[in-house]
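Peer 1: For reference, the chains in residue letters:
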Amino acid sequence: MRRDAIKFGFLFPGLLYLMAMAVFPLIWSLTLSFHRWKAATAAPRVFVGFENFWNIFFRDPRFWNSLRFTALYVALVVSIELTLGLLLAYILSERIRFRNFFRVLFLLPMAAPPIAVAFMWRMLLNPDAGIIVKILNALGVNMVRWLTDARFTPFVLMAVDIWEWTPFMFLGLLAAMQSLPISLYDAAQVDGASRGQIFWFVTFPLLLPIMVTLVLLRAIDAFKLFELVFGITGGGPGTSTESLSYYIYTVGFQYFDLGYACALSWVFLCIVLIMANFLLQRLRKEI
Amino acid sequence: MRHKRKVEAFFVVAWIVLGLFSVWTVFPFFWGAVTSFKSPGEQYSTAFLPFAQFQPSTYAWQVVLGQAEGERTRQGLWNSVLISSLSSLLVLFLGSFAGYALTRFRFRRWKNKDIASWILSNRMFPPIAVAIPFFLIMRTLKLLDTLPAVIMAHTVYNLPLATWLMIDFFRELPEEVEEAALIDGCSPVQAFFRIAFPLSLPGVIAVYILCFIFSWNEFLFVITLSYRKTMTMPVIIAGTLTVRGLDFWKVSALSLLAIAPPVILAALTSRFLIRGLTLGAIKE
Chain B
81 MRRDAIKFGF LFPGLLYLMA MAVFPLIWSL TLSFHRWKAA TAAPRVFVGF ENFWNIFFRD
141 PRFWNSLRFT ALYVALVVSI ELTLGLLLAY ILSERIRFRN FFRVLFLLPM AAPPIAVAFM
201 WRMLLNPDAG IIVKILNALG VNMVRWLTDA RFTPFVLMAV DIWEWTPFMF LGLLAAMQSL
261 PISLYDAAQV DGASRGQIFW FVTFPLLLPI MVTLVLLRAI DAFKLFELVF GITGGGPGTS
321 TESLSYYIYT VGFQYFDLGY ACALSWVFLC IVLIMANFLL QRLRKEI
Chain R
-12 MRHKRKVEAF FVVAWIVLGL FSVWTVFPFF WGAVTSFKSP GEQYSTAFLP FAQFQPSTYA
48 WQVVLGQAEG ERTRQGLWNS VLISSLSSLL VLFLGSFAGY ALTRFRFRRW KNKDIASWIL
108 SNRMFPPIAV AIPFFLIMRT LKLLDTLPAV IMAHTVYNLP LATWLMIDFF RELPEEVEEA
168 ALIDGCSPVQ AFFRIAFPLS LPGVIAVYIL CFIFSWNEFL FVITLSYRKT MTMPVIIAGT
228 LTVRGLDFWK VSALSLLAIA PPVILAALTS RFLIRGLTLG AIKE
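In order, the protein sequences belong to chains B and R. Taking this note's numbering as reference, the numbering of the first sequence is continuous, increasing by one, and the terminal residue is 367. Taking this note's numbering as reference, the numbering of the second sequence is continuous, increasing by one, and the terminal residue is 271.
Pairs of lysine-lysine, PhoX-like flavour, derived with a Cα cap of 25 Å: (1) R:K129 with B:K118; (2) B:K365 with R:K98; (3) B:K365 with B:K87.
These are computed hints drawn from the structure, not numbers from a lab. Small disclaimer: the values here were computed from a predicted structure and weren't measured.
Isolated chain B, as found in the complex (with noise of 0.2 Å):
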């Protein structure tokens, strides 16, 4: 009965927590989106049913835009950066000498606000004063539309993107290929098989699990796109570049228009917990 107690008492404090600042929050949240209630009139709090999420899935092309875009961005951003870790863990499993310094060199834009990497790059791509520009004008290739023709603008994202994470898939595959068991590749290497023989049909498949949970937690973290947007291009131009949270944080927080924004938040919240609930599965085998 005491033990009872003792074990209760050490749960409870982070899970009531947690219910009264995420369980709670996000049910307001979804009677919220049953509500009209335009906080920057004077209008009251109305409850009208559905019809939020019948503007959000008939009327709102925005919506459509945006998750079209923020799609799009996680399915390219995220293949780029397995393909490119994937290629320098490779090269790099070998033995290299001062690996723990790259380690650490690697982590820096992981480690950074990424506030800070999106200003930072804001001024590298500066159309008129951005030091890639200035060095791309002297190699004579002109591309100084890249942040005001919609055309570009996502792809300019997904750059930096690719520069913050790369390093996150290349560490997390470096880091699994060396616990992988040396005796395979022995054996393998006995047996004749080529360099790339052994890549492909001993490490890759070995590592063919990491990958997909790498790639899940990316995939999440990329859905939430928000920094970048906010910091570079602001969504724009137009709304090329609007990714669901900020088309959200916009509806919110700009036009207060908190019903609506509210049931956004909800059918964001699903897609994500639906990717979200592979990712448990599979780390839950873990513990």
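Given the structure of chain B, go ahead and fit chain R onto it with the hints provided.
Peer 2: Structure of chain R alone, referenced to chain B:
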């Protein structure tokens, strides 16, 4: 002979790739550092070698830390330190208690694994989804633009991850020591504070640093919950964007100030960081 040459060629390729990737990674930081030592007149120039190509000036640092805006910057740094350290401390206590409960006791109604993965699932949801209700709650409680509001938000943001990682650490700790202590008449609470917690101190510190970094870097909650008094460094950086455009020298100096603490902490705990970022899926 042929084999040896192939191996050498591989190493040459490896070093070239490594070199290029290092330059690509470091260049933005390097450029920020160079720009923060340029005078406003030179801020747009392509010169990058101090003394040789341009005369370094401390103008940016005088503005950012001196009379003009020093107070604001110091306030921002202080807020950042306060919010990150206090919220991480809270996270650490709540997280290690819960983590301990989930490794050393068995819960019957819900399985331990279900509780643990439910806790972790709170990490996954997008911050913007709770930002609006948070804003309304804090407005009702009259806590907008106060430190407790941001600290509470950052605590809930970091708690799931910390709990999850603490489960990992306590699991790696041999249970026998605690069992022996319990037989010797030690209470479970004492066993936690005197044995399990001190023994997993390296992990505890690593988790603390990780939470500190996340909290320091967090932007969305701060920008929605504070407007003046509790601005942290990330929000001050965002505030440099004016209609006139961007003052490169100022943004650079402020960014460096915001980047330095988390980056130094990350470098000190580099071995643990990947494990933390992958939610324990990769153990180095």
